[in-house]
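Enquirer: Please arrange chain B on chain A, whose structure you already have, making use of the hints.
From first to last, the protein sequence lines are chains A and B.
Okay, so the first sequence: first residue is 20 according to my numbering, each after it adds one.
Okay, so the second sequence: first residue is 20 according to my numbering, each after it adds one.
Hints should not be assumed to be uniformly reliable.
Since the list gives no way to pick one copy over another, a pair counts as held whenever it fits inside one copy or between any two copies.
Capping the alpha-carbon separation at 30 Å, the derived lysine-lysine pairs in DSSO-like fashion look like this [unchecked claim]:
#1 71 / 130
#2 130 / 61
#3 81 / 175
#4 157 / 175
#5 169 / 208
#6 81 / 130
#7 45 / 208
#8 61 / 71
#9 81 / 208
#10 81 / 157
#11 130 / 157
#12 75 / 130
#13 157 / 208
#14 81 / 169
Read the hints as simulated data drawn from the structure, not as lab findings.
There are 2 protein chains.
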Amino acid sequence: MSIGIIRVFTTEDQQILHAHGNKIEKLYNINCVNRCIPDQPKGIYDDESEHKAIPKIIELAKEMEEQHAVDGIAISCAADPGLELVRQAVTIPVVGAGSCAAHMAKMVSRKIGVLTIANEVPAPMTEILGNSLVSWRKPEGVNNTADLLKEEAIEKSISSAEELIGDGAETIVFACTGYVTIGFGEILKDRLGIPVIDPVEAEGNILSFILRGG
Amino acid sequence: MSIGIIRVFTTEDQQILHAHGNKIEKLYNINCVNRCIPDQPKGIYDDESEHKAIPKIIELAKEMEEQHAVDGIAISCAADPGLELVRQAVTIPVVGAGSCAAHMAKMVSRKIGVLTIANEVPAPMTEILGNSLVSWRKPEGVNNTADLLKEEAIEKSISSAEELIGDGAETIVFACTGYVTIGFGEILKDRLGIPVIDPVEAEGNILSFILRGG
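Isolated chain A, as found in the complex (with noise of 0.2 Å):
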């Protein structure tokens, strides 16, 4: 059994390109097929960059369900790109990360609040969501991914964290997958006792769940 992992940018460093899959691998003992899209360097970042990545999403999927015969597939980042389109292109169940998050989230609490990168939240999980989320936080100089490697990211994430405490949030979920990467997600669970979901992590545990039954 195996799972394809899109990542939603192109990069050539095979260490980022598997760290998703990395941590899957690790938690479910799920084989990954980790490819990113191509020319794409900067991502997913605007309305204009989200167009041009769909269909090389879809293509992505059809390859990987055809040459690689992968038994589902996730969208791995918090906006959910192509979601929708991308489960008509392929015959296999596909998540995207956000949605799980989100999901995972409200199966826990009604008063949730959202760490993320960018100055929204990701709408997908904004929908799910709903009138459950009661705050989102951006850390302080944290606004991409590459921010999260800095050194005083964790510190500064850990502030808006408690930050969301304060705002009436009894559990906290991630609105970008970067945080997987730095093992936040442990850090966060030790520090405040509450739950914490990422998004790396749910998508993985709901392939697990639906592929190899509970």
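Expert: For chain B alone, coordinates are given in the frame of chain A:
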């Protein structure tokens, strides 16, 4: 680490009492404390019986947190009776089987069929599924969990699941925790080849996810 499993009817039969917990222990290797509410052998079947059950569910939850030091609680019924009130009464995460199953189904599909044993889909599931609920079916001759143990129940349930697919469903979710007892999720997945979500597996999955991290 351990979790509390609240059964919303009264039984002295240890095998029945432990059925959900045993499944969760086997799937997620997490210790379960299994308890049932007193003086309601028929469980919850209308508004009045639900009204009577909720204070008992809250009491059980408090007792599990205080005396058994469980780390999380599952209200193991697809109707999520008392979920928000139990959350207010304890400090640990609380989930309901029905909302967990509905959210899991929504992670993988927008075309969801519900297999139930009652003449309606529990309200929390309907609310979560929204317009992703394409159809629901009740197997012929199955009116309560005991009926699921009858010889013909599996074939009748398979027929209903096939009807759901005919109605356009691409994922099936059970609106009854009794299906886990007969291992119906596995049977259906083998037969139909589409994702099948069982509420008991779903509640175990999310508690394992948030308590252990991923």
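Enquirer: Work down the list of hints and note, for each, if the structure agrees.
Expert: Verification of the hints:
1. 71 / 130: Between copies only: 27 Å across chains, 35 Å inside a chain, cut-off 30 Å.
2. 130 / 61: Neither. Shortest intra-copy (33 Å) and inter-copy (33 Å) distances fail the 30 Å Cα cut-off.
3. 81 / 175: Neither, since 40 Å and 36 Å both go past 30 Å.
4. 157 / 175: Classified as within: same-chain Cα gap 9 Å, cross-chain 52 Å, threshold 30 Å.
5. 169 / 208: Intra 20 Å, inter 45 Å, cutoff 30 Å: intra-copy only.
6. 81 / 130: between (38 Å within a copy, 21 Å between copies)
7. 45 / 208: So residue 45 and residue 208 pass the 30 Å test inside a copy (19 Å) and across (25 Å) alike.
8. 61 / 71: For residue 61 and residue 71, the Cα distance is within 30 Å only inside one copy (12 Å; across copies 57 Å).
9. 81 / 208: between (37 Å within a copy, 23 Å between copies)
10. 81 / 157: neither (35 Å within a copy, 36 Å between copies)
11. 130 / 157: within (18 Å within a copy, 34 Å between copies)
12. 75 / 130: between (36 Å within a copy, 25 Å between copies)
13. 157 / 208: within (18 Å within a copy, 41 Å between copies)
14. 81 / 169: neither (36 Å within a copy, 43 Å between copies)
Checked against the numbered hints above, the structure violates hints 2, 3, 10, 14; every other hint is satisfied.
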